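Asks: One letter stands for each residue in the lines below.
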Amino acid sequence: MSNNKIIHWFKFASPQSFYPLAGKMIPWFWGLTAVFLIPGLWISFFVAPTDFQQGEGYRIIFIHVPAAWMSMFIYLVMATWAGLGLALNTRLSGMMAQALAPTGAIMAFLSLWTGALWGKPMWGAWWVWDARLTSALILFFLYIGFIALQAAIDDARRADKAGAILALVGVVNVPIIYFSVKWWNTLHQGASVSLTKAPTMATTMLWGMLLMALAFWMYSIAVALTRVRAIILEREAHTEWVKELDEVKA
Amino acid sequence: MNWGSPAEFFAMGGYGLYVWGSFGVCAVLMIVEPILASRRRSDILRSLRRESLADKLDSQ
Amino acid sequence: MLTATGLSCVRGERCLFSGLDLAVEPGEWLHVQGENGAGKTSLLRILASLSPPAEGEIRWENTPIKALAEDYYRDMLFLGHHGAVKEDLTPFENLTLSSKLDGTALDEAAALKALARFGLRGREDLAVRFLSAGQKRRVLLARLAVRQAALWILDEPFTALDVKAVDMLSSLIEEHVKAGGICILTSHQSMPLPNGKVLKI
Amino acid sequence: MLTATGLSCVRGERCLFSGLDLAVEPGEWLHVQGENGAGKTSLLRILASLSPPAEGEIRWENTPIKALAEDYYRDMLFLGHHGAVKEDLTPFENLTLSSKLDGTALDEAAALKALARFGLRGREDLAVRFLSAGQKRRVLLARLAVRQAALWILDEPFTALDVKAVDMLSSLIEEHVKAGGICILTSHQSMPLPNGKVLKI
Amino acid sequence: MNAVTAIIHRDLLLAMRRKSEVLTALFFFIIVVSLFPLGIGPETALLRTIAPGILWVAALLATMLGLARLFAPDHADGTLEQMVLAPAPLGLLVTGKIIAHWITTGLPLVLLAPVLGIQFDLDSGALGILVVALLLGTPLLSLIGAIGAALTLGVRGGGVLLSVLVLPLYVPALIFGAGAVEAHISGLGAGGHLSLLAALLALAVFFAPWATTAALRIALE
Amino acid sequence: MNAVTAIIHRDLLLAMRRKSEVLTALFFFIIVVSLFPLGIGPETALLRTIAPGILWVAALLATMLGLARLFAPDHADGTLEQMVLAPAPLGLLVTGKIIAHWITTGLPLVLLAPVLGIQFDLDSGALGILVVALLLGTPLLSLIGAIGAALTLGVRGGGVLLSVLVLPLYVPALIFGAGAVEAHISGLGAGGHLSLLAALLALAVFFAPWATTAALRIALE
Ligand code: HEM
Ligand SMILES: Nc1ncnc2c1ncn2[C@@H]1O[C@H](COP(=O)(O)OP(=O)(O)OP(=O)(O)O)[C@@H](O)[C@H]1O
Ligand SMILES: Nc1ncnc2c1ncn2[C@@H]1O[C@H](COP(=O)(O)OP(=O)(O)OP(=O)(O)O)[C@@H](O)[C@H]1O
Ligand SMILES: [Mg+2]
Ligand SMILES: [Mg+2]
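Chains as they are written, first to last, in the working numbering: chain R, 1 to 250; chain S, 1001 to 1060; chain B, 2001 to 2201; chain W, 3001 to 3201; chain V, 4001 to 4221; chain D, 5001 to 5221.
The shape of chain R in the complex, shown without the other chains:
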């Protein structure tokens, strides 16, 4: 591969060219969020039938499951960015990881919160120390650890690298915690959506969940891009290109 090509490829990984690009993408992702969210909510509340066992309480599933999925997915994406930053020493990667962490933590929190609110009517307890729940809690702690570590380090470059190591070590941990379900008797529902087996859920419910999950996904991208723009400005405050930006000169 020629040297030029590498440089070209890296161009998008530079904060300078990513900043305006992200600015252009944000409205689109907000639009997509709305596109998925509105029919998603419609199905959740007005199309999906009442569950014969759980009554209306089950409608929490339409945010519980997307939040739980996103919390795990965002962690993987965050760790990937962090690892890229460590390996290739690109500035943008660390910023992306830092921008994703709070969103991931919020998703993890939401899955815990909605799960707890679901558990009270279904199981009669806000919380049980079941493997699935516990592993979601640990995931939340991993996010908090990542955020706290980055907050505690002043130098941004150092914070990125240290955070990257932590994220990578944590990623080894996630599947271990997740699969330890097998060694534990569990009250929580197992995965009912899988690629190999036919879905056991009603199709309308499945559609609602998928739409909501897509909405959450688009939302996460939009927020992360918004945040990464702020982070880029904070870190590159004293570079020429920032000083030349229209919104700064104005």
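Hints were generated in silico from the structure; no laboratory data involved. Quick caveat: nothing in here was measured; it's all calculated off a predicted structure. None of the hints are false.
A partial selection of chain V residues facing chain W, derived with a Cβ cut-off under 8 Å:
| # | residue |
| --- | --- |
| 1 | Leu4013 |
| 2 | Gly4078 |
| 3 | Thr4079 |
| 4 | Gln4082 |
| 5 | Ala4086 |
| 6 | Pro4089 |
Just so it is clear, CB atoms sit at the ideal spot from N, CA and C, and this is done for glycine as well.
Based on these hints, arrange chains S, B, W, V and D with the ligands on the given structure of chain R.
Replies: Frame of chain R, contents of chains S, B, W, V and D with the ligands only:
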């Protein structure tokens, strides 16, 4: 359509507290988070603008 | 020979220096001077490869130090603000253990001799934390005397030393440089040694 | 007036000094000299009532300092090897908070002025841990300049300071002594100030 | 009095400067509490019985971890010397530091404990007692802890030594504190335990600052 | 290789110089374990069920306490800089330090655990499994902990931050370790848990020194 009246809708078959507690917190967080994120950007922009103004005054 | 080209160093939003070039030949020493906060410590840490420069490159015997890594460390000795002496160990233990880490074996007699040379006779077996400020620094000087390294990088080595110890250290540096070594140091006092260059930042 | 009679100091099994007498009048300053490990720091800590002497007594304005306790602390300012600056706080916060602890209110302008006087302009809001060795000591000098105390006890105050800062500190001490204050200090450099006495241990 | 507020102000400022430290102390509490079910297993009934004990032990440990940093940084950078030499009585300054310590570590624990209690399926009455017991108990922990922190100051192996000194002293607080909640759950009143806790607190308020001051003077000699 | 033995030698020497530190880590372990019967109450059957969990949590906490001092003193006095600048590869030196840490904190726990297990009325089979599990688990704790210690080096609020980082990473060790003993007690074999623990250890032996070294270099920049 599952609901006869708005009251029925808000009662959620007796699970109103739990369902709206979940959706409510979810909505609040998802509204507050983007606001905070863009606030963070406008904060840094404001200080950058002040600085560039100060630079201009210096050079005059 | 140590050369650096186009070094620059940024701390926070402040650029301490930029476009700094230097070259020190064997048999020379360099006195880095500058006001408080000018960036002397930062420069020395960059030269010792402890922190990377914002820009520029450093070469040792014409090879970039990044590529040399451990080979550079073998040739180089860095003494910073911190003593790198363990307060709980005695001067003797500190000296022998640090030379073991450097991969050079130091026999008992040589260690005792070096300590005695720097006025630590009678304190060999007292934990370092009981020593006075100057005596702690003298333990480091003993290390300087026993470690074979071509390049010395010393950050304010004269701190806390009394007049006699300052003389001893000066002559140690003089010997080292005469024998074809290189020494780079900072100090707010002036140093009347031959073959010195001065770098002001 | 500070007088000490028959002071002795024992560390481990070593007697650092004994039967030491001293008297310093207002308008005088005392330079404690001695080799590394002679016991200067130990003496100064005893005079500041931080550690008790093995024997002997210290009087301030003819009253034993033990009896004076807080009244003595109000009149006395001690700066030791350690900076007593909080690394996480800014120079400005360090200065105002420490003067609050001393029971003297310091307004913002006075604090900023004192910091600027010691060349910390532009570093008022940078956490101290980012400062260079010399800049950290300069924060202490600013404290010296704002605190009203009759008796200054300074352990190696010139460490890490560059030439300009050394001059500033010297003139600060000179002013203080001229205004009827007392200053006791250690330093391995010689100090050409009027009204100085020397104590060798 | 001025000096006390000055020192509280300073310590809170320092705590804000390292916000993450305060938050992480809280998370430590949460994490330790969550570790036990992981080690013990998920049965709700079992966990409910041991919940007060676990919450209290975790509170003890969380308070204790922060103790090492109560005087040590001030000692290391010489501020403590300056405090001893300050014109204000050392006892007052020490009280100020203890109050700041409680505000930054004890108080958040008290506020968080009910949430964790819910995870262990405690009912609202038990949660109320838990909060009251912690409200009385955590200042006690800070006060006793300060003595230990002062005694181990500058001593080699301080951190661990500190816990060995302090944890036995915490035992009464643990017994009455966890006991109060358990007594409530098992239908006996919690009143007796709580008033004993209050009595201990009153004792400590008078005694601990004095002992801490004495220990600090010794450490600095 | 020479450098590794040199560093182990030095760290053990330092540990001997502050013998009290090693001993107090042990005492901490004992005290934490003993606090639970105080907080929970004396029923033997209850205590027996929760014993493995409590012993493991206490072991976790005891290891964790010592972690803060794994690199911090070397960092503060500049020795770490010298280690980075030593001709031997930093990874080897780090491995040496981790080994020394395990010898001074992990090993004593392993030796002491059976005694404490007896206090909770565990039978000899369970005690055997406990020892084996700890023998596999404590090096794992030291290895993972070293990464956390290196990451929080010189960072504000290091001590507590360290625990927040490290404790979640300890969870698998805790689950399989305590799980092994419980599986044995409940009649299922402990083999599965133990081999998982061994697999984790093997993974950590390769991965942890590397991550620690990288973190140390970052800390010193
Ligand atoms: C605090 C409590 C809870 C937490 C932390 C939690 C966590 C999770 C997580 C992490 C997932 C994603 C797992 C996956 O898709 O493989 C999930 C999915 C799910 N949860 Fe929960 N949950 C909680 C409570 C509940 C309750 C009380 C119920 C219902 C009674 C419930 C029902 C479900 C269902 C049906 C799924 C979807 C499973 C699938 O289709 O894959 N959860 N939960
Ligand atoms: N984050 C930061 N933001 C702004 N300035 C910084 C930051 N970190 C360090 N500095 C500045 O960088 C400089 C570091 O200087 P350095 O320690 O290299 O000085 P020095 O020449 O060794 O001084 P001394 O003679 O006092 O030892 C100081 O002026 C310090 O104020
Ligand atoms: N436990 C002990 N046993 C023997 N000697 C001790 C003990 N503790 C301290 N000393 C000695 O006491 C002296 C303390 O000296 P001090 O720190 O007062 O010296 P100083 O005059 O300030 O020296 P410097 O110029 O180096 O600062 C040192 O010589 C030290 O070796
Ligand atoms: Mg310097
Ligand atoms: Mg001295």
